[in-house]
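These protein sequence lines are chains S and U, in that order.
Those letters in the first sequence? Residues 638 to 1084, per our numbering, in order.
Those letters in the second sequence? Residues 638 to 1084, per our numbering, in order.
These are calculated hints, taken from the structure and not from any lab test.
Each hint should be verified, as a subset may be incorrect.
One copy or two, either will do: identical chains are not told apart, so a pair holds if it fits within one copy or between any two.
Straight-line Cα separation of at most 20 Å, DMTMM-like style, residue types lysine to aspartate or glutamate; simulated pairs [said to hold, decoys possible]:
| # | residue 1 | residue 2 |
| --- | --- | --- |
| 1 | K726 | D708 |
| 2 | K641 | D708 |
| 3 | K726 | E704 |
| 4 | K883 | E639 |
Number of protein chains: 2
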Amino acid sequence: MESKIILPERDMPRQWYNALPDLPTPLAPPLEPGSGKPVTPDMLAPIFPQAVIEQEMSPEARIDIPEPVLDIYRLFRPTPLVRAHRLEKALGVKCKIFYKDESRSPAGSHKPNTAIPQAYYNAREGVKRLATETGAGQWGTALSFACKMFGLQCTVYMVKVSYNQKPYRRILINSYGAEVFPSPSDKTQTGRDILAKDPDCQGSLGLAISEAVEDAATHEDTKYALGSVLNHVVLHQTIVGLETEKQLAMAGEKPDFLVGCVGGGSNFGGLVLPFLPRKLSGEKIRFIAAEPKACPTLTRGQFRYDYGDVARLTPLLKMHTLGHAYMPAPIHAGGLRYHGDAPIVCNLAAEGIVEARSYFQNDCFEAARLFQATEGFLPAPETSHAIKAAIDVAREAEPGQNVVFLFSGHGLLDLASYDAYMQGNLVDFEHSQEDIDESLKACPTFD
Amino acid sequence: MESKIILPERDMPRQWYNALPDLPTPLAPPLEPGSGKPVTPDMLAPIFPQAVIEQEMSPEARIDIPEPVLDIYRLFRPTPLVRAHRLEKALGVKCKIFYKDESRSPAGSHKPNTAIPQAYYNAREGVKRLATETGAGQWGTALSFACKMFGLQCTVYMVKVSYNQKPYRRILINSYGAEVFPSPSDKTQTGRDILAKDPDCQGSLGLAISEAVEDAATHEDTKYALGSVLNHVVLHQTIVGLETEKQLAMAGEKPDFLVGCVGGGSNFGGLVLPFLPRKLSGEKIRFIAAEPKACPTLTRGQFRYDYGDVARLTPLLKMHTLGHAYMPAPIHAGGLRYHGDAPIVCNLAAEGIVEARSYFQNDCFEAARLFQATEGFLPAPETSHAIKAAIDVAREAEPGQNVVFLFSGHGLLDLASYDAYMQGNLVDFEHSQEDIDESLKACPTFD
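Please construct the entire structure, taking both the sequences and the accompanying hints into account.
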């Protein structure tokens, strides 16, 4: 009874897949906040390197992965595709369940897939330091690791609630040589303004983004790196789906359901987008996105232009949003606490190509514990949403169908969350429609 | 530039290698503490299942791995053998460095290799609960995981200094359904006696063993499981070396140096023993054991009979020992804080077949950080000793030689140690000869 489908290193994909040219409805362009006009590449130059800006808008369906990036990928890639025999048995389902294990990277998640090329392109263009935000800490870990590999300095603004909940994450990021500040911090004007109004502010991903962007924009040798949402990030993550496609072919299987959790949408997009051409050409593959009920962007947000950050420093993106000032409840899946989602994923959700489901965190932890009790590994709280959705989908699936979900990260640095869950101390949050409507009022009207 | 040598799942070894019949000098038998006579199988029956007792004394060179054990092994095995290209380059060495990555298990270390069969054999023989000790927490995690897989209850006595240093370890063990007590505890007579004398006692592995053995011996439905030292434990760990041998053959390489850290000796024995027949038949392979200067069992201990635990409940084993009441300094590599070592490893060390080196913990953390900065992954403090030794050996090696070391576990639950190291707060310990001589006086005289 074989469990793991291992792609030989020599067969690791050497190109990423860019979904932009294949989208049935073209992606709405990012808009400049002041004028409402489409953003031009030169506007992004203060915060991103040239290669990344080109990728953000590229019309090419395949983009070469540079050799130095492949070298670092090879420290942990290709990652295994694993048949979850024991989970299937515990559920009593007749479908097959596979998980693509992205927890095997040094950072413990899929995030290095984009951190590595971003660090590489910046280093190649002479940048000395990268600034970024992090929610649960997965992205901060990934970027600090990638910066270490290419000799860059790294500054991480970490959402304060996670900074306090997860001291080990902070140490791990430090251990890769990065400096870490709780956000809101006194290091930026944005942070100082917020702290003046609310000294106890627990932060949000949108706010931390504002701080990191300001840091990059106000320092000559520094650029910004984002861990999700943008096209180039999703592009880099497609190595996950491209490997999965090859691995399923090796096993003589085809996917019926592809399942991932959605915070900003990059791990989900990375898994499903390489299968988009097949789906568009008629193959029956369902793309299932799982998100928290405490931050129900795809299931309850509006599809419209909004800012990516609280301070309105970023371009406007057309995406599902809960409003850029939305403060999600402090659930333990910190990486899913973002008001928006990747425009590419939202574009497909608006077309009905991506289906979204939302879950309470206690149900997700229960699913995570079942996974742990059967397959052995402890999932990250974010990943638990994908597991919950995969279990639901598996129960709905026909005998012989294949459910493939993305195991985006391990939970070894989220043990305080599990302790709280086991003690029965986790609260389930769901915002009222009034709250969400109120938050959406702050959105600009550029539609 | 390929990095990983992946053994296909179908080629995973289906037998363990038992070194007992191949030892140049037969192993001295374990002795019954009271009489000084060799231990008979029936004496071990109260604490071990029959299958384990048979393996402990088996004359067979190959022992079949049961199918249900293989099924659980397949959740994470075979593990990769990885070429450390970037570490080689940073060191400027001309030899090749490989590491066998046992951090990939659910428990994060090599320990499940024996936890799984031990849990299986106990469950098969109708045992309901296993009691054990744990130092740094790796073994407790592994046994609780294995018990979960086979439906057994699990009680873990965790050395108090580690219990307090590593709260996440305790939660992780709990998350696999086990109960965890800091040792010395008030759950056993041994623990209560110690606490009465020294309420602040920080514990030791030897003491925690006493508690777990007492628990098993005094409860009908409970048996004991040990994570290192004994022959059957080392036997189960030989899957590491057997896989490594196949992987090196796949790469067309042969090992010149095999390097591992030694706490009780099981990961080291598991790596090197399968190469013993080749070494004995004249092939030039050096077996290098790395241990802490704070607990220098092989480098400064005496090779003689001693108890395995503080309370003198265990049989006498002929091994290198610092004295069974030795209290090693509270270094962060908790898993290496044991006064003795596996008799098989000691037998070979006494013959000069195993060479031992000892290191200060700051030097080991420095080596670990170099590994992290080049290969990306954060090692456990125990593993850092193997890395330090491997680096030293690589610098001594001839061009073209191969250094293979065992990456026994990751450091993601040891981040407080790294924080202390980065802050410059780690102290290097070395006991005086007087201390060690004094400790050795307590050894029995059965030689």
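Results for each hint:
Within a single copy, K726 and D708 get their C-alpha atoms only as close as 38 Å, which misses the 20 Å cut-off; across copies the closest is 13 Å, which meets it. Only between protomers do K641 and D708 lie at most 20 Å apart by alpha-carbon distance; the minimum there is 12 Å, versus 23 Å within a single protomer. Proximity of K726 to E704 under the C-alpha cut-off of 20 Å is restricted to the inter-copy arrangement: shortest distance 17 Å between copies versus 42 Å within a copy. With identical chains, the CA atoms of K883 and E639 are at most 20 Å apart both within one copy (17 Å) and between copies (19 Å).
The earlier numbered hints are all upheld by this structure, with none contradicted.
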